[in-house]
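If you're matching them up, the sequences are chains H and E in order. 185 is the number that numbering that gives the first Met the number 0 gives to position 186 of the first sequence; each next residue is one higher, with no gaps. 286 is the number that numbering that gives the first Met the number 0 gives to position 287 of the second sequence; each next residue is one higher, with no gaps.
I should point out that these hints are in silico values taken from the structure, not numbers from a laboratory. What you are looking at is a predicted structure, and each value in this text was computed from that prediction instead of being measured. In this text, a Cβ means the ideal position worked out from N, Cα and C, and glycines have one as well. Some hints could be false.
[Said to hold, decoys possible] Away from chain H, derived, C-beta distances all over 10 angstroms, residues of chain E:
(1) 58
(2) 64
(3) 70
(4) 127
(5) 130
(6) 234
(7) 302
(8) 316
(9) 392
(10) 438
[Claimed, not checked] Partial pick of chain E residues on the chain H-facing surface, computed with a CB cut under 10 angstroms:
(11) 82
(12) 93
(13) 204
(14) 256
(15) 258
(16) 268
(17) 271
(18) 414
(19) 422
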Amino acid sequence: MAETAAALPGAEARASARFAGFVRRRRLAPYLLLLPALAGIALVYFWPLAQVVLYSLQNFGLPQVTGAAPTQWVGFGNFTSTFADPEFWLSLRITVVFAAVVVPLTLVTGTLVGLLLNRLGRRMSAFVSTAALLAWATPPVSASVLFYWLFNPDGGLVDWTLSKLPHWLVGSTNWSGFNWTTTGALQAYTVLTVLVVWQAFPFIAVTTLAGLKTVPAELYEAARMDGATGWRVFWRITYPLLKPIFLVLLLLSVIWDFNIFTQTYLITGGLGNRDEFNLSLYLYDKAFTFPPSYGLGGAIALIFTVILLVVTVGYVRASVRQGALT
Amino acid sequence: MKLTRSAGAIGAAVVLAGAAAAGCGSSGSSSPAAAAPAKLTVWRMGPSVASQVTWMNGVVTQFHKQFPQYAKTKVVVDWIPWASRATDWTNALSSGKGGPDITELGNTDTPGIAAQGALANISSDVKAWPNGSDIIAGNLANDTVAGSNYAVPWFGGVRGIWYRKDEFAKAGITAPPATWAQLVSDAKLLMAKNPGTFGLGAPSNYTNAIVSFIWGAGGQVAVQKNGKWAAELNTPQSEAGIRFYADLLLTQHVSPSKYIGQTELGAPGATSGGSDEDFAKGTLDLYIDGPWAQTSMQAVSTKYKADWASFPIPSQTGPSPAPAFSGGSDLGVWARSPNRTAAWDLMSVMDNPGNATTFANLQGFFPEFTSALSGGKYSGSPVMSGFAKAAAYTQISPLNSKNWTVADATDAIIPTMMKALMQGASFTATVNKANTELQNVLNTGSES
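Same shape as in the complex, but just chain H (with noise of 0.2 angstroms):
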């Protein structure tokens, strides 16, 4: 840098040989680099997201929009409304819920599958692998349209089978006819469970398996000396080294399950079924059905956003403490 300045003609040389100099001085050039970068996403998030916060303290809708209607500042009422909203509560409560049990699911399904992989030919890891990963690589919205196809009252796969199947096996309730996806939360959540595994466990068992093969086949041969079983093996050696990569797949699982939107809306109905909302549907219903309230909207988006936020910064802290960000 600075022989170039050098090489140009008088005070502006000078000047920018000066510049070189403060830059080098200040160990200002990482930071520099970084600037379109911070300034790309300034753009198209931190702008947005400023605009997000202004609307959650207007009353801001259509006719703000169109200016048939002044903006007006209503403080915190956005919030404060949706907090005494009891289908908050309600949606909030499925999400969470359906969180807790889907990502221990897919965490377990897919490392399990990785294992497996590991362990499998060339020919048969292979062959599993691709079928894995066509789950994954279905659209959401294929994918939902298939379940709701498979789960359908009338003619569907699955009511068509549990109703053959014998009464011993699966109760007495009149399978053929049953409805999966609108008469209740629990039973359009179990619809939804099995689709987002299936979907989500091959990116955990593609990623485990990369993992997998990055640590030293010479510590299962020392372990498998020793005696050690499968589940000793997988606790001691794989889990220790691959704690940075599970921790990883736990965060972005938390946030894709939280932020599930494509599959519930298909399957519960469209916006039909308010006790089967989750967040993203109860912000959706909120802000853009007619009229919308993107104030209201708004202010629903940043809660969702705080309780993602809280969820990303113990993964942070966990990282750190663990070194894994060193």
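Since the structure of chain H is provided, determine the placement of chain E on it from the hints.
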């Protein structure tokens, strides 16, 4: 100025809009050259139907003949699915682009949409319109907000109960039920005589039918007192209606549990399943809906079509039927349309008594003109006669109040209440909660 290309027309239209707004005010006739747009866009709701397209082509020919200044104006019809109409309106409103010149509206949509500033004030046009005075007065009043007209009724309809003549004959039922007790006993009889069927479909997400049972017991959803809404879901009369509907599933077992959480057409947003298909296929004996359901039912199956007939929804103790929700569609001019005058002119042709009657008959609705309804024209048809009887007992309030869209679409208060009851929730607590929410929404637009 002659506009031939639509791309140029958009820019020019904006200029024209300014000129029109500045030049002619709300009602005056502007010079033909400035008022002739290259294109008029009409938003129709529902799937495109061949017979309706033919009808519209005829209307456009008349429009060109009746208003020679628009001879070069192209009329484009966009078919908007009912389920996404609010989204499409919202997008057109918030972006200010891609909106229609004329839009069809469900009659319960009109007051809410008008309150959002989406529709042009057409009071003076309606007043000057020769057919305006023939429109059923109550229905025109529905399109009036704060004394101004924002839409005109186009066609109307009421729900009744579909049945099959062959099933009635087989069960020995000679006259349609006129009380709730008869309705339930007939439903049970039909179920017994037709194994594998259910008697009477009661989907939980079906506000427009549930209100008939509330009204049929002498109850009200909400009433206006001193300019404020008072919700009345928890009066003894309303509760009797709500309980009767929930009990069709819970204690009478004439409706299947799969209809919980469904509309009359199946899961909300789904394109198949639901009580309409079950009736068409013959697995449901009695089905609550309007005459318009015939189009979609015969698309499922025409096997029993010859036996389809209707009777009005009975009231609790008879003999008059329960008041039916007076549904239907309106036509309005989009507030941001740069072609206000041309749009109104086209609308006046679409909604003249001749065209509106043909159109209503085409799809199983009733025209909105007093003259077209009189004279017992509909009593001869087995399908239409029951609905025509029901059409004599109608009510719309409070389904036409300004905040009803919030109560029924955004917050789904009655469907959520009915679903909870059908899931076995405590009756009094559930109804009281819905009542409080409804009163808040009707008065303030927000639940709490």
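Hints and how they fare:
1. 58: holds (28 angstroms)
2. 64: With a cut-off of 10 angstroms, residue 64 of chain E remains clear of chain H, as the shortest Cβ separation is near 36 angstroms.
3. 70: holds (33 angstroms)
4. 127: The claim stands: residue 127 of chain E keeps its Cβ more than 10 angstroms from every Cβ of chain H (closest is about 26 angstroms).
5. 130: holds (30 angstroms)
6. 234: Since the minimum Cβ distance to chain H is about 23 angstroms, residue 234 of chain E lies beyond 10 angstroms and the statement holds.
7. 302: The claim stands: residue 302 of chain E keeps its Cβ more than 10 angstroms from every Cβ of chain H (closest is about 17 angstroms).
8. 316: Since the minimum Cβ distance to chain H is about 32 angstroms, residue 316 of chain E lies beyond 10 angstroms and the statement holds.
9. 392: holds (29 angstroms)
10. 438: holds (15 angstroms)
11. 82: holds (7 angstroms)
12. 93: holds (4 angstroms)
13. 204: Since the shortest Cβ distance to chain H is 5 angstroms, the answer is holds.
14. 256: holds (6 angstroms)
15. 258: holds (8 angstroms)
16. 268: holds (3 angstroms)
17. 271: holds (7 angstroms)
18. 414: holds (7 angstroms)
19. 422: Hint on residue 422 of chain E: holds, closest Cβ of chain H at ~6 angstroms, below 10 angstroms.
No hint from the list above goes unmet by this structure.
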